[in-house]
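Here are the chains, one letter per residue:
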Amino acid sequence: MAERMGFFTDTTICIGCKACEVACKEWNDVPDDGFVFRATSYDNTGALGASTWRHVAFVEQDGRWLMMSDVCKHCTHAACLDVCPTGALFRTEFDTVVVQSDVCNGCGYCVPACPYGVIDRRQDDGRAWKCTLCYDRLRGGMEPACAKACPTKSIQFGPLDELRERAEARVERLHAEGVTEARLYGENPDNGVGGTGAFFLLLDEPETYGLPPDPVVTTRDLPAMWRWAGGAALALAAGVAACFLGRR
Amino acid sequence: MPRRRDEMVPDAEFRSYYGQPVIKQPIWHEPHMPTYLYLGGMSGAASAMAAAARLTGRDRLELAARMAAFAGGTAGAAFLVAELGRPMRFLNMMRVFKPSSPMSVGSWTLAAQGGLTSVAVGSAVTGVLPAVGDAATLASGLSGVAMATYTAVLLADTAVPAWHEALRELPFLFAGSALASAGAAVMLTTPRAQAGPARAAAAAGAMAEVVAGGLMERRLGLVGEPYRQGRAGRLMRASRVLTLGGGLLATVAGRSRALTALSGLAITAGALCTRFGVLEAGRVSAKDPRYTVVPQRERVDAGRPASVPGR
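Taken in sequence, the protein lines are chains A and B.
Just so we're aligned, residue 1 is where the first sequence starts under our numbering, counting upward by one.
Just so we're aligned, residue 1 is where the second sequence starts under our numbering, counting upward by one.
So here's chain B without its partners, still in its complex pose:
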């Protein structure tokens, strides 16, 4: 009899080889990988904000957003290189462009993001070639939205059940988290009278992050269990509280320095908790053979085994 996958009580009746994992756990480290996910997302959304500020003539906010985008992109790239097993070979990422590899697409996106935000900041700081700096800022708006969302595909394109099955919600979770992070960073570094759009971005991003995370955990059923239990569960719950609180504060912070600082820090901490929580949930999901075996066994027993159409 086919079992329902949305059962809250997981099926204890599954077989395994001495309880050992079927798939390998992601080997990406803490804090490298989740910090990169945060910094890359923050950088990407900050670029989009810088482009919007350019187009609407908000110079001071634009400068802050350019700085945040540059700082996030470069620091993120450093974490990513440090994550490699052979850091000296990081340039091998550039020897091919492979659309079938989200990491290849992401490496080129990061290269574009890093280059454009460097030009934008270099021009802003030195005052050299302002037109080139403005063009780079506008272009980084495009690389930025790709930067803030590709990381969801990076995680979903694995055999890790908690990541792969979340392929619909992860991009919205990460986009929301990126927008909240960038809003927080920019509102903390812009004179408060001109930081209105940053506060709006922080609040909107925070709401999107909380809603997408909630939808994801609800839809995934058994496979989503790692997001609710143990350390990953604690991180995801902390993220929700911090992000929701910080987002609500951003809407009322107005010109109060203390409330702005509190809101920005809470949102940043919440975004980091999200990224660390998602990585940890992926590890748990890969380690326990239940999450790999049970859904696959259900497909087979229901007479709907997987296939690869059209390839």
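Isolated chain A, as found in the complex:
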């Protein structure tokens, strides 16, 4: 197994150029996701989806713009992968999470399972799609297209341990410079998804950027779900038995 690879997206130096979105589409042959004027900001792609694997969010606040290039988090405990019934979703040697499009039968279970709303099904094609962290490029020893194209190094790619150290140092420096609202999002291995392979440096609460403030991998509670369902199954059997006992 190779080292765990990931993204550190430092939103403080994102300029909102969307080169990452374009490079991702070009390299991965991701189809058009619609030309929509949303009338809220410079955001024309809206959200991550089946045909938007990098999404640049624009948040206009008093006197400043927040810009963030969002992407699949490649969770340590990935709900999409856990619930996939065909094995189409798998974990690669880089500890990333990838859909095998030749196996996916479009059951759609991964879509509501993702706590970040990343993966989605393409209407015309019927299969689920999301960021692969450029699995093909990684196998060829190259960095993902979005990181390659990012002109400010807001998107940094590398071994996750190294990225975490770099991010800690960056936050310390920002705090020292008086940017006290700087905080990391997703890097903590003790969080509800066991830490993410793609994490972020944010300047405001995660929900401001459309990110969940405290996501949980839904399968964490699966044993409890089966216990309750088992209880209901027993109750059902007992109920049926009770209806058949007694006089004819």
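Everything labelled a hint here was simulated from the structure, so no lab data went into it.
Some hints here could point you the wrong way.
[Said to hold, decoys possible] Now the stretches of chain B that chain A is said to cover, found in silico as 3 or more residues with beta-carbon under 8 Å: (1) 98–105; (2) 198–208; (3) 222–232; (4) 283–293.
The model shown is predicted, which means the values in this text are computed figures rather than measured ones.
For every residue, glycine included, the Cβ atom is placed at its ideal position computed from N, Cα and C.
Please arrange chain B on chain A, whose structure you already have, making use of the hints.
Just chain B now, kept in the frame of chain A:
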């Protein structure tokens, strides 16, 4: 200050990205998914009834239950295949068995249910290998109770707040609904003199469905709001009225043909309303970022962020 989650007035003070959803809405279609939930549940509980009828020697009722279980299982499977984005690849469900995926567990359960109920009906209709048909009926009693309840885990094992947080009550809601549905189907297709246990099942299932649904909406607080509002709220209320009315009628229907028909139809309509209502509530719950953000923000603010122990 930590806010209480059972507040009836939702907290307006939450932040989002232009009010956009945080999670994706379930993409499962109507009528496919809720109809499958109904048919699968009905089939499962009917199998349990067929097994009980076999064990207590109620031949006519057993035949009706075998038929209902088979019809529900096969029609349900057809809806499920049609629901796939790539229906021709439905057999990919069988390439692995994944306990971490309720849909994988469910696919194998449905395969067992479909196979066993087909053998049971085939034997009953042709008169071939009666012992094998009887064994399949008894075995389908086991696959049946799994069939009637796994769908609750299927929905709860998502990031959709109205489904995930209902993980305790959903199995009882679905089991009750399944029992009521099967009781209704079997009492409509069994000579009334021999349909006593089916009427009892219809009434008991209806009560369980109404009670479990009520408990669920009460416990969930803010996250349960989608079950009470809009189209989902109307469906859940209609379900309660139809199920309660149909269940009470079943207890007094006795040998009246008209009352039996009325009761069976009301219960069936109520069960369908439940399944459509639960799907719709899930969609609303996923679409409004409030239901995702507010409980999570409360956890963080209270200093109790989520973690995944032992994994």
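Of the numbered hints stated previously, which ones are contradicted by the structure, given in increasing order?
Hint check: 3 fails alone, others pass.
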